[in-house]
Amino acid sequence: MSATDPTEVFRQEASELFEVLEGALLDLGLRPDDRELVDSAFRALHTIKGSGAMFGFDKVASFTHEFETAFDRVRKGEIKPTQELISVALAAKDYIRALIEDPQSTDDIIGEAILDDLKRFVSSDQPVVPVAEIAEAPPVAPAESKQAGWHLYLEFESHILRNGSNPLDLLEDLCKLGPCFVVPITDGIPFLDEMEPEDCYLKWDVKLHAACDKDAIDDVFMFVQDEMKLTLSPLQEVEAPAPVPLFQLHDEEPAPVAEMPAPVAAAAAAPVVAQPIASAEAKSEPKSDPKSDPKPDAAPVRREEAKQDRGIATVRVQAERLDELMDRVGELVIAQARLTQLASAGSDLSIKMIAEEIERLASSLRDTTMGARMVPIGSLFGRFRRLVHDLSRDLSKPVEFVTSGEDTELDKTMIECLADPLVHLIRNAIDHGIEDTAARAANGKTEQGRIELAAVHSGAQVLVTVKDNGGGLNTARIRAKAEEQGLIAAGAVLTDHEIHQFLFHPGFSTAQTISALSGRGVGMDVVKRTIENMRGSIDLSTRPGQGTTVTLRLPLTLAIIEGLLIRVGEGRYIIPLSAVEECVELTAEDERSRGRNFLNVRGNLVPFLRLREIMSSSGSPDRHQKTIIISTGETRVGLVADQIIGNHQTVIKSLSKLHSDVTIFSGATILGDGTAALILDVAQLVTLAQSKVEKQHISEAA
Amino acid sequence: MALNPTEPKWSLRLPADCSIAAIRSVYDLIREAFGRQERLEIDCSSVDKADVTSIQLLLSTARTGEAQGRPVVLTSFSQSLRNTLRRAGFASEAMIDQHFPQKKDGT
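Chain order of the listed sequences is A and B. Heads up: the first sequence at position 54 corresponds to 365 in our numbering, and the numbers run straight through without jumps. Heads up: the second sequence at position 59 corresponds to 77 in our numbering, and the numbers run straight through without jumps.
Here chain A stands alone, though its shape is the one from the complex (with noise of 0.2 Å):
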C-alpha cells in the first residue's frame, strides 16, 4: 500500500467526499431544516480542505475555505438555504472537483464568479450579523452558574494530522474565545523506534478563562469530534461553592443526550435540582474536581466503541487486487474440474472424496469472492440527482426523483458499465418522456413529474427499472418514422412491443428537433449494445398519457455463471443456464416440418435453430436430437443440439479482438479435461432465430 502515490489516495478520497458533499447538498433542498445535512456538507468540505492543502493543492484549499466562510451563515443558521444558493453551491462543489482533477481546465475568473455569487446570496436577506457574535458568545446569567470557564482535554485519534486537521489551529480557535491557559500533555510521546511520525501523540489539557457558551467550544471542534476525545467540564471560580451541576450529570449521564461528549449538557437544569439535593453536596464536592471527575469520559469511550465497530465493518481494497482475486479463483474452478474428471474416470475412492470436497470449497471460494466485488448499486444512484436536479432545471420540468432498492448489490464492474446507459435513460425520461409544466396540467397531473429508478433482486438476475410518468411513447409517430427510415413495409402488421423495438435501432430519433440533451439518435441503441455487452437485456413498456418503464435485467456477475454444457458434433458448447428454460426432445413430428422449423411445445410455436447448421457441422447428427429452449425475456427459441452433457461451472474467458466480429459466441471457457467450449450469445441466436422467422414470413407472404 506504501507505493500508492499519496495524490491518488487524496483524489480517491476527495471524490467520495464530493459525493457526500453533493448528496447532502442536494438533500438540503428538500429538507432546508435539517441541521445533520449542513453539518455533513460543511465536514466533507472542510476535510476538503485541509487534506487539499497537505497534498499541496493549495487552490482547492483556499476556494474551499472561501467557500466555508460564505457558506458559514448557513451553518450558524442566520439563513436558509435556498434552491438558488444550493445551485451556487453544487457550482462551486464542480469548481473545486475541476481543480482537483484537471486544474488545467480551471480558471480563476470562474472561481470568484461562484464566489461572488455565493456570497450574494448569504449577505443579501438581511445586514450582516457581526460573525463576532459567536466569539463573544454571551456569558451564562450568573444566578445561573458561578461558572468562570471550561477546563478542556483533548485527545485526539493517531490519525487526526493525516486528515489535514491541525490541532494547533483548533487551539487557536479556541484561543479567541477568551483567555486560555493550554499545557501540552507529552506522557504518550513514544520512543523514535516505536514511532509513526505521521500520528499525533499530544494531548492537551487546556483552561479556557471565558464564561461561553457550550455551544461555541463545539463549534470550535465540529469537524473533527468523531475523532478526538473531548472532556468538558466547567470551571468554578475558587471561592464559589462546590459546584453542583456536575453532580447532576452522574445521574445524566448514562442517557446519551447530546450528540457531543459534552457531560454538561444538563448545566441549565441543574439549578432546578441543586435545592432539594444541596444537603448532598459535601459528598459530591471531591467527585467534582474537574481534574479527577472520572465520569466525563463515559461518553467519549463510548464514541470510541461505536468508532471501532465500524472501522473493522469494512476495508478497503483496491479494486485490481479484486479482480486478481477472482481471475485466480476461476483458474481454480477450472483445475478443480480437471480434477473432478480425474477423479470419475479413476476408482480411487478417496480421490474421489477430496475431489468432491474441492468442487465444494472452490464452490463457496467464488461465491465469496464474488460477494467481495458485490458493491450496492446506490453508490450509482447518488450520482443521477444532480443529473435529474441539472436538468429538471435546465428544462423547467420539476421532477420528483425516486431510488429505491439502493442496497441491491451488483458486481462492481456492471455498475460501472452501467452508470452511461442509465444517464441517457434518465436524461430520454427527462426531456421526452415527462410532458412540460402546462401539458401536464392539461391531462389533470400533477404539475410535478416523477422519474423512479428501482434495483431488485429477481433470481439471479437483478432488474432495474427507469420509471418515469410522462406522456409514454407516441407509438404512431415511431411507427411512422421506421416506415420514414423504410425499415418496415408501410401497413405491415406490428404489436406495440415490436413497433418499440425499433427506438433501439441505430440512428433512430423521434425528436422533431435535436436539443443539447437528446435526439441525435445515439443512445438507445448504445445503451442496448452496452446492456447486452454484460450479457443483460433490456425491455420497454409503456402506457401511453401514463409514462414508460424500462427495464434493464442483468446477471448478477461477469466472471462465472451456471452453464449448459453441450455437444454438437464434435465441438461442444455453453449455454449459459440461466437463460435456458427447458430441455425437450427434438420429435419426428417436428423433425418432419424441416422446412418451417417451428416446434409445437405445449400448444405453443416456438422458432429452433439448428445448430448443426449453424456451425456446419460435419458427419451424421445423432439419432435423438435435443432441443433447448432459451429465453430472453418474452422471447423464446429452441436451440437444436446432439446431445446435453450436463452443467458446468463456467470461467468465461472473453474472446480476443481478433474474434471481435464473431457475434453468436460471448466468449469461451476451459472444460475439466484441458479444451475450450465456446460460450453461445443467447441473445444473438434469439435475434437470429427472429429474424429468419421474419424472412420466413417475408417470403409465405410474397
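What the hints contain is simulated information worked out from the structure, not anything from laboratory work.
Keeping only pairs whose Cα atoms sit at most 30 Å apart, straight-line, the calculated DSS-like set for lysine-lysine is:
#, chain 1, residue 1, chain 2, residue 2
1, A, Lys-370, A, Lys-487
2, A, Lys-540, B, Lys-67
3, A, Lys-514, B, Lys-67
4, A, Lys-525, A, Lys-514
5, A, Lys-518, B, Lys-67
6, A, Lys-430, A, Lys-525
7, A, Lys-370, A, Lys-387
8, A, Lys-487, A, Lys-525
9, A, Lys-778, A, Lys-756
10, A, Lys-756, A, Lys-792
11, A, Lys-778, A, Lys-792
12, B, Lys-67, A, Lys-370
13, B, Lys-67, A, Lys-487
14, A, Lys-1003, A, Lys-968
15, A, Lys-391, A, Lys-525
Quick list of simulated restraints, FRET-style, between CB atoms:
#, chain 1, residue 1, chain 2, residue 2, range
16, B, Ala-34, A, Asp-350, 32 to 42 Å
17, B, Glu-84, A, Asp-526, 40 to 50 Å
18, B, Asn-101, A, Glu-727, 45 to 55 Å
19, B, Ser-64, A, Glu-389, 43 to 53 Å
Derived coverage of chain B by chain A (criterion: at least 3 residues anywhere in the stretch with Cβ under 8 Å from a Cβ of chain A; other residues may be distant):
#, region
20, 35-43
21, 46-54
22, 63-72
23, 78-87
24, 108-119
Each residue gets a CB set at the ideal place from its N, CA and C atoms; glycine is no exception.
Following the hints, put chain B in place on chain A, whose structure we already have.
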C-alpha cells in the same frame, strides 16, 4: 558517508520543511543519525514549516536520547519553530527548556 565512531558529536541540520508532508523523511534522517553517533546535536535554525508532528518528533528524540543515555542537544530554534511551540502550549522558555534539551550558544 563514512562512519567515524570516534567523532565526538554529530550535527544534524533539520530541513526547512518539517511539516507532516515531509516529517517521514525528517524522522528517517534523525533515526539514521541516531544509529551512527554517540552524541547528537540537532540544528533547528532552518526550520520554516513546523507543526504538531515536528514537535512530537523533537520530543521523542529528546526522550529517546535520555532513555538511552545518549546526549541529544537542540540548537538555534528558528522563529517558525518557536511560533509553533508557542501555539502548542509550550509558552514559556522555561517550559521549552523542560522538554527540549537545548544549547543556547549554539557551539
